[in-house]
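So you can see what is in the structure, the chains are spelled out below.
There are 2 protein chains.
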Amino acid sequence: MQKNITDVTGFKVRGCHIGIKSKRRDLALIFSEVPASAAAVYTQNKVQAHPIKLTKKHLENKTAQAIIVTSGNANACNGPKGMQGAKKAAIVLATELDISVDDVIVAATGVIGEPFPTDKVVKAIRKNVSVLSDRKIAGDMVANAIMTTDTFQKEGFSSFKIGKKKVNMAGIAKGSGMIHPNMATMLCFIVSDVNIDPDLLQDALSESVKRTFNMITVDGDTSTNDMVSVMANGLAGNERITEKDEEYELFQRKLEDLLRHLAKAIVSDGEGATKFVTYTVTNARSEEEGRKVAKTIANSNLVRTALFGRDPNWGRIIAAVGRSGVDIDPDKIDIYLGSSKNMMKVAENGNRLDFDRKRIKLMLKSSQLCVLVKLNQGEKEATAWGCDFSYEYVRINAEYHT
Amino acid sequence: MQKNITDVTGFKVRGCHIGIKSKRRDLALIFSEVPASAAAVYTQNKVQAHPIKLTKKHLENKTAQAIIVTSGNANACNGPKGMQGAKKAAIVLATELDISVDDVIVAATGVIGEPFPTDKVVKAIRKNVSVLSDRKIAGDMVANAIMTTDTFQKEGFSSFKIGKKKVNMAGIAKGSGMIHPNMATMLCFIVSDVNIDPDLLQDALSESVKRTFNMITVDGDTSTNDMVSVMANGLAGNERITEKDEEYELFQRKLEDLLRHLAKAIVSDGEGATKFVTYTVTNARSEEEGRKVAKTIANSNLVRTALFGRDPNWGRIIAAVGRSGVDIDPDKIDIYLGSSKNMMKVAENGNRLDFDRKRIKLMLKSSQLCVLVKLNQGEKEATAWGCDFSYEYVRINAEYHT
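Taken in sequence, the protein lines are chains A and D.
Each residue of the first sequence is one higher than the last, beginning at 0 in numbering that gives the first Met the number 0.
Each residue of the second sequence is one higher than the last, beginning at 0 in numbering that gives the first Met the number 0.
Hints were generated in silico from the structure; no laboratory data involved.
Don't take every hint at face value.
Copies of the same chain look alike in the list, so a pair counts if it works inside one copy or between any two.
[As the list claims (entries may be wrong)] Heads up, simulated BS3-like pairs for lysine-lysine below, C-alpha to C-alpha not over 30 Å straight-line: (1) Lys20 with Lys209; (2) Lys45 with Lys344; (3) Lys45 with Lys331; (4) Lys55 with Lys291; (5) Lys20 with Lys164; (6) Lys243 with Lys56; (7) Lys80 with Lys56; (8) Lys291 with Lys52; (9) Lys80 with Lys357; (10) Lys45 with Lys360; (11) Lys45 with Lys291; (12) Lys2 with Lys56; (13) Lys209 with Lys45.
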């Protein structure tokens, strides 16, 4: 059986059903036996759910020891009662675990503007803290409990050596684009037993998110509840990472790998997606410009419907590049299309090429597509991940009623 | 019969079928008997069609006398041959009309990267210049000839007095979102017999476009071929408008009214649209911030699918406001939803309200919807227009093959 979050030293978890949702699991608890260095990144949306606001305050001390996630209710736009509910949950969890209330990370995902069932949650916390567990099955259940309309669990694990010590790191994530209206949230929780300074942990996280979670797109909408947090409790026993040396670099790379794995899993579960698409932009003047171009293409409804229809419609791709806000020279752009195994050049120097239409249409039948845009203006590159755009997206998002 | 472009003094037109498209009209010619003050705005896409590049050069002298539009072929991304084709068309038209080649506006709409049928176009120009006409039926045909997948013609006319002289102004437009892949273009040609300095004409146009054409959205994609141009030949005989006085203000307002009328017609014809939606943002700190917020909501796939599904899902609206890039205070936002006749408050101070769900669902059955967002941070307001998002959009854009 694959390793999971319970294989990281010093973490116990619980995932269960408490009745926010009608049948599925809807409460997740994660607990570190000792206070951990903590870091997080949050949604850039100006409208932020109450748990996000509270967690930001709690993490000012860069330390956390527990996470509570409720699923089925976003606890967003709920006024003073919403904030009271989030605080109450944190206080009760802290009391039950005998930890500082500032060391609780609170997260939620679900419908916006639905009253938060504070009493139900408080009761459930009291009942479930005693059954926190480090058995593998508990890890499985906690990954399951943060799902909303996800069709599969998103988990990852890695271990590597820092100095002579084996370090473990695991993560769980949820999100399937905005498959279910108002249940848009992307959540990701990483735990590790590495010993690291919290400021460096934050740097490693921010650096990694830039190239992973921030490079996936399902429909360009940003939730009020998005959060990626990481806790590192130091129980691996490595010498504390306190500067940006080789060991920091190794940890950052491993963290980025894990986040990339989870981010790609989210896109694969995108609403109504029939194809997973990798958008690579090379020879950009800067990584940031490359990212901007890649994301604009990945977000284009026209590009995405064309890929759903297996149409090598590169005109839509170059039009998206042109409106990305990056100062590109259109006459230098080469475009390649295809599957993850075979690519074909379809445009050169910004202009049409006679390519084998029949062959490329066959290539576009693959469920793993690649779009490669060479800007030919510099040395940098970036990658975004997305999915195609099917009838299912409209059905899911129009037929659902609040 | 309604007045059209042929009711503006000194303009003759021709719209006909020359075989770029299989059956429908595909060539439009507009001619002013005398050189006219000319102004234009163009797509902001960095990838620009050859006709756009050529027209920009031609309008450096701020004068135009003729317009040629081909429909069915965008003449974009066609390399040196594409530019040669655009130039050839301008030269031949200028020769036939005995005007300066710099005074020809060239526009095109259709598939990107498809070789431009230069010979066919040249032959057609030679044949059709002699039948330019100011009969009403010709005005009808020219409005028809610029259509691609539009389901109806977009025309407008107005007349008003500048001093003691009656001034006429007419416009034709095309665009139905990106209903047909690669046929995304929004084109609009305004002609008037007003006498005005070309720099003021450009100012009036830029000012008007900001609040009209730039405030409509069907799917957030920007074409490589968009253009709005205006020609004013002075034959109304009014005293030339040479400064920003009352008469300039009147002309600018009338121009803005005409552009708004045409812009709204384009949105009404949006691909797969079942509802026309007006998004009003009030009490913004600046008009620009209001516009940014209004456009972000209008562009949200999630808001648009909710409206298609008649769901009063204000959580999606406030989430769109929050990610608009404008520094808003979410706790001040009020949201109203409804038809153009009845609105209901659904959120107050950024938070949920208990509203009559049944009644609002009835209101949302209307084909003319309104979304009103009060930011309560200032005095300015802005309006955007859009349409809902139906299965048809995906069908149209996925089933079409290049």
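Comparing the hints with the structure gives:
For a Cα distance limit of 30 Å, the shortest separation of Lys20 from Lys209 qualifies neither inside one copy, at 32 Å, nor across copies, at 46 Å. In this homomeric assembly, Lys45 and Lys344 come within 30 Å of each other (Cα to Cα) only across copies, at 21 Å, whereas the closest approach inside a single copy is 41 Å. For a Cα distance limit of 30 Å, the shortest separation of Lys45 from Lys331 across copies, 12 Å, qualifies, whereas the shortest one inside one copy, 38 Å, does not. For the homomeric pair Lys55 and Lys291, the shortest alpha-carbon distances inside one copy (27 Å) and between copies (28 Å) are both at most 30 Å.
Taking identical chains as interchangeable, the C-alpha atoms of Lys20 and Lys164 are never at most 30 Å apart, the minima being 42 Å within one chain and 71 Å between chains. For the identical chains of this complex, Lys243 and Lys56 are intra-copy neighbours only, at 26 Å inside a copy versus 53 Å across copies, given an alpha-carbon limit of 30 Å. In this assembly of identical chains, Lys80 and Lys56 lie within 30 Å of each other by CA distance solely inside one copy; the values are 18 Å within and 61 Å between copies. In this assembly of identical chains, Lys291 and Lys52 lie within 30 Å of each other by CA distance both inside one copy and across copies; the values are 28 Å within and 25 Å between.
In this homomeric assembly, Lys80 and Lys357 come within 30 Å of each other (Cα to Cα) only across copies, at 26 Å, whereas the closest approach inside a single copy is 60 Å. Taking the closest pair of Cα atoms, Lys45 and Lys360 come within 30 Å of each other only across two copies (28 Å); inside a single copy the shortest separation is 42 Å, beyond that limit. When the C-alpha separation of Lys45 and Lys291 is checked against a cutoff of 30 Å, the pair qualifies both within a copy, at 21 Å, and between copies, at 14 Å. In this homomeric assembly, Lys2 and Lys56 never come within 30 Å of each other (Cα to Cα): the closest approach is 32 Å inside a single copy and 65 Å across copies.
In this homomeric assembly, Lys209 and Lys45 come within 30 Å of each other (Cα to Cα) both inside a single copy, at 19 Å, and across copies, at 25 Å.
Comparing the model with each earlier hint shows violations of hints 1, 5, 12; every other hint is respected.
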